[in-house]
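Enquirer: Spelled out from the first residue to the last, the chains are:
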Amino acid sequence: MGQDPILTVDNLNVIVTTPYGVTQTVHDVSFKLEAGKVLGLVGESGSGKTMTCMSLLKLLPEKAKVVQGSIKFKNIDLLNVSTEDLRKVRGSEIAMIMQNPMIAFNPVRTIGRHFIETLRTHLPITKRQARKMAVEYLEKTDLPNPENVLKQYPFQLSGGMLQRVMIAITMSLSPSIIIADEPTTALDSTNQLQVLKQLDKLREEYNTCILLVSHDLGVIAQLADEVAVMYGGYIVEKAPVLKLLNHPMHPYTKVLLESRLGLTRRKIKVEKRESVSRPNLINSEKTCPFLERCEDADYTCSSYNLEFKEYEKDHLVRCVKSR
Amino acid sequence: MSLLELKGIKKTYLLGNPVFGKRKSVEAIKSISLTMEEGVCLGLVGESGSGKSTLGKIILGLEKPDQGEVWFQGKSLYCLKAKELKELRRNLQVVFQDCYSAVNPRLTVGEIIAEPLRNYERLTSVQEKKKVQELLEIVGLCPEDIRKYPYQFSGGQLQRINIARAIALKPKLIVLDEAVSALDVLVQVQILNLLAQLKEEFQLSYLFISHDLQAVNYIADRLAVMYNGEVVEWLDDLEQLERLKHPVSKKLLSSVLPLYPGIL
Amino acid sequence: MVQNVKRKLMKHKLMMISIMIISFLTVLALFAPFLAPNDPNLIDIVQKLQGPSSQFPLGTDHLGRCILSRLIYGTRTSLGIAFLVMGLMMIISIPLGIYAGFIGGKVDYLFMRMCDILMAFPSFLLSLALVGILGPSLGNLILAMVLVQWVFYARVIRGMVLSVKEQNFVLAAKICGTPRSIIIIKHILPAIISQVVVLIFMDIGGVILAISGLSFLGLGIQPPDAEWGMMINDSKPFFRETPSLMLYPGMMIFIVVIAFNLFGEALRDALDLKKE
Chain A
1 MGQDPILTVD NLNVIVTTPY GVTQTVHDVS FKLEAGKVLG LVGESGSGKT MTCMSLLKLL
61 PEKAKVVQGS IKFKNIDLLN VSTEDLRKVR GSEIAMIMQN PMIAFNPVRT IGRHFIETLR
121 THLPITKRQA RKMAVEYLEK TDLPNPENVL KQYPFQLSGG MLQRVMIAIT MSLSPSIIIA
181 DEPTTALDST NQLQVLKQLD KLREEYNTCI LLVSHDLGVI AQLADEVAVM YGGYIVEKAP
241 VLKLLNHPMH PYTKVLLESR LGLTRRKIKV EKRESVSRPN LINSEKTCPF LERCEDADYT
301 CSSYNLEFKE YEKDHLVRCV KSR
Chain B
1 MSLLELKGIK KTYLLGNPVF GKRKSVEAIK SISLTMEEGV CLGLVGESGS GKSTLGKIIL
61 GLEKPDQGEV WFQGKSLYCL KAKELKELRR NLQVVFQDCY SAVNPRLTVG EIIAEPLRNY
121 ERLTSVQEKK KVQELLEIVG LCPEDIRKYP YQFSGGQLQR INIARAIALK PKLIVLDEAV
181 SALDVLVQVQ ILNLLAQLKE EFQLSYLFIS HDLQAVNYIA DRLAVMYNGE VVEWLDDLEQ
241 LERLKHPVSK KLLSSVLPLY PGIL
Chain C
1 MVQNVKRKLM KHKLMMISIM IISFLTVLAL FAPFLAPNDP NLIDIVQKLQ GPSSQFPLGT
61 DHLGRCILSR LIYGTRTSLG IAFLVMGLMM IISIPLGIYA GFIGGKVDYL FMRMCDILMA
121 FPSFLLSLAL VGILGPSLGN LILAMVLVQW VFYARVIRGM VLSVKEQNFV LAAKICGTPR
181 SIIIIKHILP AIISQVVVLI FMDIGGVILA ISGLSFLGLG IQPPDAEWGM MINDSKPFFR
241 ETPSLMLYPG MMIFIVVIAF NLFGEALRDA LDLKKE
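Protein chains in written order, with this note's numbering: chain A, 1 to 323; chain B, 1 to 264; chain C, 1 to 276.
It should be emphasised that the hints constitute simulated quantities derived from the structure, not laboratory data. Yeah, the Cβ is synthetic: ideal placement off N, Cα and C, and Gly gets one too. Worth double-checking, as some hints may not be accurate.
Stated by the list, open to error - Partial selection, computed: residues in chain C whose CB lies under 10 Å from chain B:
id	residue
1	Lys106
2	Leu110
3	Val170
4	Ala172
5	Ala173
6	Cys176
7	Pro179
Unchecked claim - Derived pair list, reagent style DSBU-like, types lysine-lysine, alpha-carbon separation capped at 35 Å:
id	chain 1	residue 1	chain 2	residue 2
8	B	Lys7	B	Lys75
9	B	Lys24	B	Lys75
10	B	Lys81	C	Lys165
11	C	Lys13	B	Lys170
12	C	Lys174	B	Lys7
13	B	Lys83	C	Lys236
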């Protein structure tokens, strides 16, 4: 640590206008990304992790809007940037890996065409050079027979292979930041491991920083240096990975850790009812979003203001009980 | 008499245009024979493309195998008259991976869960409502949810509705086709617990199809590892996972992410 | 965002206008005998090709018939026949499309080949030829149009059914033991019906055009009954002296077709929105 962060997100707030009212999906989210580091963002569906990612690249859907906060990339303010500058940043500086590689590719174009065109829009090189580069980078992702892969169409490759091609394309542009939004969720476990290995390699060789988003703490734990746990639009706990695993402070983090299956056969106890699971984001006041599900909750929980407190160095928790 | 018996099942798909170019044949299932006893949860693991979902469809009577027989409760599934088949179907249910597309978005939860009941049991509307509400409570939802529509539920809750529909007729065998793979980790555990509890309560048998060895290990009693349309390894006691010998099983085993960092 | 709202309002406005036009025309068609100032078929050569007057608000044609009354009665024929044709086509193509798509097999194969053959001809020419062979009359016009075009709709419906059929909830229904007929009524039909309604409204304009076109050629509605296409044909020789004679029915066709197209499109948007 100690180096200048590449991306600083400060106090980000995002609202979404729905037919039923205005919802705040991201509350006071702040984090920093440093070169060569991986920040893991973990949370269930609807916790606001995807919205956070999308706002980094100004890719929010029309109904959503950043109402407060700042996003600084190196020295550029990404929230007030010209379209021209934004285009330069997208792709070559900040790249994104999506959950479903199948829809990220155009089905009627070969992998080679995708790869070469992407390279040539960002770099001043000839077709031949681009092809050579493409082969090189595909080799780095351990894909067998890269020449052949370039000739194939997206539907001829499996999801895991496509995701690796995606990583190869991303790698070739050597961006400073990669946002990986659930990169392994659509894959089976063997492919998941492969993709994680590639991402790790990418970080080591190119000193790229990665924002790894997943609902699976198991995936995050393997790769991340620091983990931020999101719930109901808030980051409820943030800590270096080992600290989080060994001393989880927020009750939600504890539930998450306890519910990891691993290879045990002992039955894991989790709350049975799920009916109250989704935190009510509409009309939410600044009370704890986890209140309804929390086992330790009592009257003090609703009366305190919800601050992000430092429990110890680098370990922040948003829970009144943790003090 | 075992509950389910597959004898030499084989299924080949023809790909490609029948007029232009050669038609490629893909052997989804090469040759599979297996037997399942009552009250057992058989886990079927394999990578994507190993043919496990096709096998599930064959067992459900949705895809006719090219060769081989499916015996369910002592009757051959693909050699039955429509009436007998309908009687047999009663004991054979399914829960799909994609909980959103498994329910008709235009029907209420009450109508969705009542569908199997209407086909097999003659209930008055009062009885039917009572039964559906009971089922909703069994799977951990509120009886008041009966009037709601699918879009009002989260993925985990929808999967509970699918489970309620599957157990409505108290079937013997439920095929769980990647039933928890699309859910959040926490919800996965909840659903797995629910399934385990229902199995005890109603003496169900499960065929649990998944690529995730963790989930299979959590709930299954026996394990079959599939690869390229064949069962490559059997394990009768899941306490001894380390006994898996086949390279495919080992690969699956080694790709399970540990609880702490260090696999990379 | 502002643009989006504007676009939606615009669509909304167009939809309102199209609905108003369509309901106005429907009223015209239903109450034609009460609304028309004169008998549309009453020939009075003395008063031929007159300009607008209090007795004939839009003037008279070459046989001295009231143009306004003929336009009003023409609405009745055009709309009535168009919906009759559409209805007949749907009666044939919905069951057949569903059968071909859902049950498939030999029927599906035969049906597809038939489509291929029928679709190899331009449909308008084909109906033209058919009416030519059968002889010009209202019944034959309807018959020819239905015979030629139902295949197209059946094929579209078959496609819709194919995509619904693969949905898990249909599979689940099968596994629940639900009989085919109930699956079709409860799961398949409701899933496609909104798309079919949109299809009907998007295409009814085309049907009206085709009817007018055939009548213009003298193959459809027979005199003395009023029909817009035929009115245009009648006014051909007097085009130079009294262009309004051709203009009024032309405008009617134009307005009706546009109103239905806009309505169809708005309907499609509205139903799409619900999906989200």
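Enquirer: Any CB of chain B closer than 10 Å to the CB of lysine 106 of chain C?
Expert: violated, 16 Å
Enquirer: Does the closest beta carbon of chain B sit nearer than 10 Å to the beta carbon of valine 170 of chain C?
Expert: Result: holds, 8 Å to nearest chain B Cβ.
Enquirer: Given the hint that lysine 81 of chain B pairs with lysine 165 of chain C, does the C-alpha gap stay at or below 35 Å?
Expert: holds, 23 Å
Enquirer: Can you confirm whether the C-alpha distance between lysine 174 of chain C and lysine 7 of chain B stays at or below 35 Å?
Expert: Holds, at about 24 Å.
Enquirer: What's the verdict on lysine 24 of chain B and lysine 75 of chain B, does the C-alpha distance respect the 35 Å limit or exceed it?
Expert: holds, 34 Å
Enquirer: Verify the interface restraint on alanine 173 of chain C: the C-beta must sit less than 10 Å from at least one C-beta of chain B.
Expert: Given a least distance of 6 Å, the restraint on alanine 173 of chain C holds.
Enquirer: Tell me if leucine 110 of chain C is really an interface residue toward chain B, meaning its C-beta lies closer than 10 Å to one of theirs.
Expert: violated, 17 Å
Enquirer: Against chain B, run the beta carbon of alanine 172 of chain C and see if the smallest gap drops under 10 Å.
Expert: holds, 5 Å
Enquirer: Hey, does the proline 179 of chain C contact hint survive, CB to chain B under 10 Å?
Expert: It holds, given that the least Cβ distance between proline 179 of chain C and chain B is near 7 Å, below 10 Å.
Enquirer: Hey, lysine 7 of chain B versus lysine 75 of chain B, does the alpha-carbon distance stay inside 35 Å?
Expert: holds, 13 Å
Enquirer: With 10 Å as the cut and Cβ atoms as the points, is cysteine 176 of chain C at the interface with chain B?
Expert: holds, 4 Å
Enquirer: For the pair we were handed, lysine 13 of chain C and lysine 170 of chain B, check the Cα-Cα distance against 35 Å.
Expert: Given that 35 Å is the threshold and the Cα spacing comes to 54 Å, the pair is violated.
Checked against the numbered hints above, the structure breaks hints 1, 2, 11, 13 and satisfies the rest.
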